[in-house]
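All chains, full assembly: derive it from the sequences and hints.
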Amino acid sequence: MARSTDFFEVLPPQERLILLIFDGVAPHLLNTYYMQPRVAIVEDDALTRLTLASALRANGMTVVIETASGSQAVKEYDMARPHVALLDLHLGTGPTGIDVAVALRAKSPTIGIVFLSSFEDPRLLNANLPALPFRSVYLTKNQISDIGVLKDAIA
Numbered sequence: 004m005a006r007s008t009d010f011f012e013v014l015p016p017q018e019r020l021i022l023l024i025f026d027g028v029a030p031h032l033l034n035t036y037y038m039q040p041r042v043a044i045v046e047d048d049a050l051t052r053l054t055l056a057s058a059l060r061a062n063g064m065t066v067v068i069e070t071a072s073g074s075q076a077v078k079e080y081d082m083a084r085p086h087v088a089l090l091d092l093h094l095g096t097g098p099t100g101i102d103v104a105v106a107l108r109a110k111s112p113t114i115g116i117v118f119l120s121s122f123e124d125p126r127l128l129n130a131n132l133p134a135l136p137f138r139s140v141y142l143t144k145n146q147i148s149d150i151g152v153l154k155d156a157i158a
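Read in order, the letters of the sequence shown correspond to residues 4 to 158 in my numbering.
Hints are computed from structural coordinates only; laboratory data are not their basis.
Among the clues, some could well be false.
[Claimed, not checked] The calculated DSS-like cross-link candidates involving lysine-lysine, where the alpha carbons are at most 25 Å apart (straight line), are:
| hint | residue 1 | residue 2 |
| --- | --- | --- |
| 1 | K154 | K110 |
| 2 | K78 | K110 |
| 3 | K144 | K154 |
[As the list claims (entries may be wrong)] Restraint-style ranges between C-beta atoms, simulated for each label pair:
| hint | residue 1 | residue 2 | range |
| --- | --- | --- | --- |
| 4 | T96 | P136 | 31 to 37 Å |
| 5 | S74 | I150 | 18 to 24 Å |
| 6 | S72 | T143 | 30 to 36 Å |
| 7 | D149 | T96 | 28 to 34 Å |
| 8 | N145 | D81 | 32 to 38 Å |
| 9 | H93 | F137 | 20 to 26 Å |
| 10 | T113 | S74 | 20 to 26 Å |
| 11 | A106 | T65 | 17 to 23 Å |
| 12 | K110 | S148 | 28 to 34 Å |
| 13 | A83 | D155 | 19 to 25 Å |
| 14 | L142 | L53 | 16 to 22 Å |
| 15 | F122 | A49 | 16 to 22 Å |
From the three backbone atoms N, C-alpha and C, an ideal C-beta is built for every residue, glycine too.
Take a look at the structure:
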């Protein structure tokens, strides 16, 4: 008599995954193997924001938020559910990138945070700036020589 595992073992890998998902055993496999990161971009410079979004999309990532406003990004979070946020440290008037990161982490403690800045040291922007959130990445914009640098920071 054939066992159910015998049937499973003869299926091609992609059909095994579909079978597992329909069986409810491992729906997280879709996220792990087949889904690209969902990215929020919060950058007050329109050209930089557009360039980042275009480069990430060209490399298979899904950009779910593109805004110059930190408060707008926080409002859009619940609908967009990004996995990672690329945040300019200095967003002009209003909340800083750190403020946005803290608000996003309050909504999702596991969201990845990547800060982009023209400043080598964030304290050059403001000596009283709070510490960067735990496990965030800080990149200066001149460090980004190619899309691979951003992809590594997002991963």
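Hint-by-hint comparison with the structure:
1. K154 with K110: The given pair, whose Cα atoms are some 24 Å apart, holds under the 25 Å limit.
2. K78 with K110: 11 Å, holds
3. K144 with K154: With a Cα-Cα distance of about 14 Å, the restraint between K144 and K154 holds, given a limit of 25 Å.
4. T96 with P136: 31 to 37 Å: Violated, since T96 and P136 (Cβ atoms, about 22 Å apart) do not stay within the stated range.
5. S74 with I150: 18 to 24 Å: 28 Å, violated
6. S72 with T143: 30 to 36 Å: Violated - the Cβ-Cβ distance for S72 and T143, about 23 Å, lies outside 30 to 36 Å.
7. D149 with T96: 28 to 34 Å: Check passed, 32 Å falls within 28 to 34 Å.
8. N145 with D81: 32 to 38 Å: 34 Å, holds
9. H93 with F137: 20 to 26 Å: 21 Å, holds
10. T113 with S74: 20 to 26 Å: 22 Å Cβ-Cβ, so the 20 to 26 Å window holds.
11. A106 with T65: 17 to 23 Å: The hint (17 to 23 Å, Cβ to Cβ) holds, given that A106 and T65 are roughly 21 Å apart.
12. K110 with S148: 28 to 34 Å: Once the Cβ atoms are compared, 32 Å apart, the range 28 to 34 Å for S148 and K110 holds.
13. A83 with D155: 19 to 25 Å: Holds, at about 23 Å.
14. L142 with L53: 16 to 22 Å: Because 18 Å falls inside the window, the suggested range holds.
15. F122 with A49: 16 to 22 Å: 20 Å, holds
The structure does not agree with the numbered hints 4, 5 and 6 stated previously, though it agrees with the rest.
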